[in-house]
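Protein chains in written order, with the numbering used here: chain A, 1 to 214; chain B, 1 to 545.
A portion of the hints provided could be inaccurate.
[To be verified] Which chain B residues face chain A? A few, computed with CB under 8 angstroms, are given here:
(1) Tyr172
(2) Trp257
(3) Arg262
(4) Ala263
(5) Arg301
(6) Val305
(7) Pro312
(8) Pro315
(9) Ser322
(10) Ser326
(11) Ser333
These are calculated hints, taken from the structure and not from any lab test. Glycine included, every Cβ here is placed at the ideal spot set by N, Cα and C.
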Amino acid sequence: MSPTDNKKDSTTVKGLNSEGQRISSKDFEDLVQAAAKESQNLVLETYGQHNVGGRLMPASGPYNINLTGPVGQRLGCMGQPGTTIVTEGPASDDVGYLNIGADIIVKGDATNGVCNAMAQGKVMIKGSIGSRGLTMTKWNPDYERPELWVLGSVGDTFAEFNCGGTGIVCGFDAKNPDNVLGYRPCVGMVGGIIYYRGKTDDTYSRTSVKRRAR
Amino acid sequence: MVSIQSIPSTPSSLTHIDLQWIVKHREDRCTLCGKCTSVCPREAIYLTYRRQRMPKLDILRKQRGSEYRTFTGVRQRMAKANRCIGCGMCASVCPNEAIAPVPNGNDARVRMMQNEKGEAATRGGRRNVRYSLLDKVMFNRISMLTDPALDAGRHEFELNTLLGRVLAPDEYLRRKLAGEWIPPVREIFPFVIGSMSFGALSPNMWLGLLQGVAYCNEVLGIPVVMATGEGGCPPWVLKSPYLKYIILQIASGYFGWDEIIRAIPEMQCEPAAIEIKYGQGAKPGDGGLLMWFKVSKLIARLRGVPEGVDLPSPPVHQTLYSIEESVMKMIQSLSMAWGFKVPVYPKISASTSAKAVLNNLVRNPYASALLIDGVDGGTGAAYNVSMDATGHPIASCLRDCYLDLAKQGKQNEIPIFAAGGVGKNGNVTQNGMALIMMGASGVHIGKYIMQSAAGCLGSERNRCNVCNIGICPKGITSQNPKLYRRLDPDKVAERVADTFMAIRTEMKKIMAPLGRSQSLPIGMSDAIGIEDADAAKRLNIKYIC
């Protein structure tokens, strides 16, 4: 039987129980895992649950996930290839933490630690992000480089210890138009490329990265 | 008197009596085979010839004369980069006992010179202090007439311990009946091979350890587990049935975790546990440091980084801002990766703040244990000042934490594992059992297993201690095939099995006189005493003399 047989078009998982109380992240994950057996399209009405969207194994995918409620920390944590996660609003800390292939789209801002330790997959942020984005990012040459696309600006200590991730900072409608890369980006960075558009304070680590011509 | 200009002396000039180890060479025994100079990892010695004056004194004639001969043999280099590390590989390959390093009884001035170009001294090993408080603990509540002692050779002993959160009986029953989640618990041997990374250890060492651990489990019935340290695990191990003997570590560099997560769908079994490293005893508050020459093609692939670059790990996890967040966020994420079926516990360096961490774990439903690593823990690379002077001894830190748990009545729920200096002077079982009776559920041994199973030459007299620069003379901590070929993985495996069989016997020899056989004497502090009144008072155990 192929994985698509006998599956529903879409399944909705609610983050609140019938009494209107928040379901714990662990129990919510169990519900999502059960829903993923029924359908490859999931609508998750989250209520701040953490670690949503990981552990959806590629063999039974691809999975399309839409989040409609408030998003908890570590959205797409340990995301697998073949998973696409879209959240309608902003996201909390550590979007795409340890992601190894999921594509994550945030239609708002995201806070600190976006793409921390991510090794593969694309994260796209429609707004700006907080500090420590694209930090400790990895890249295995057998796979595509991890990518972080930010339409606005990024916060301080961006791309610290980046080992191979690509960052694209567009500087469009930036939270901080005077410094789209934040204070002290790229410290300890040993691999990867950062593209940016807009003004910076020029505090990037000279010992770690080289500036290329435009 | 010669003019000062003619003496080739600079502020940093050294001669052999300024070095920590002096190579003694006996010309009369040397066969000039050259094995010593070729094996020396630091090129500290070289074959050379010298013109030597043979004074000829003929007392009956007024004329004096001299003859010359040619000395051919081995001499020591004085440059700091080539200073002898006392490993003694020259002595071990010499066919004629003609050469050996001896510790310098004089002041080793080289210590003042190890800051060239402004670089502070770094090394591998552990705190260079030979004293161990644990060695002074005695097991002295002997069952003789009060209750019958046991026969270590004949009786059956339950020596294993539990890694994982053990629920109180009523809570366990309630959850069982309600069909609720029950925390994962592993039954393991209380001496765990502590975290040493795949980048720090050579492939042969790692393979030998894994083979030995598998043999202990599958043939000897000793459920030994080993921790990987940061930097991941080769994919073939992740997808093998041996993964169940491995504790995977996640540390602040997150190296190797992409390969681990990628392998999850193909895993045949679950790992023994997940260790979240927040700190290590050898260098508290400092991150891992893998030097560029150890980042080979294989290591680069495993870690998801470019080849041949320095890999420092930050001192802290970059996305964690408080104890509550660290404990909750990391333990929850890592538990979720295996569907809450694998124990997840943090490793911290012993410190005055350890109790705060422990109390957070007690309140966290997903925390499985706490590992505390004391100041005498080893490391592959750190600044000398971190290793020698930063940290907290394990005994009092463990004891404070255990007694705190006991006060809350939680001592059987969250196991505490202790590490740092266990077996420093060879008394591995005695040290480990002393910690267990002070309240540890088990201990981690790293340096001891390298010494015991692979012949590591490092010592607290600063012998060898060059794990950080990839020239390990025994091939234990090098990624250079010329060096690690010296280490036969099968022989390492054999020695691992030998070591754990002996520990098992010694555990029985300690437990039998105490009349204890049905469970590990965790926290049985009435059975120990120490010949040190201050330590006894601090540790709340008996003072004996």
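Hint check results:
no., hint, verdict
1, Tyr172, "violated, 18 angstroms"
2, Trp257, "holds, 6 angstroms"
3, Arg262, "holds, 6 angstroms"
4, Ala263, "violated, 10 angstroms"
5, Arg301, "holds, 6 angstroms"
6, Val305, "holds, 4 angstroms"
7, Pro312, "holds, 6 angstroms"
8, Pro315, "violated, 12 angstroms"
9, Ser322, "violated, 12 angstroms"
10, Ser326, "violated, 12 angstroms"
11, Ser333, "holds, 5 angstroms"
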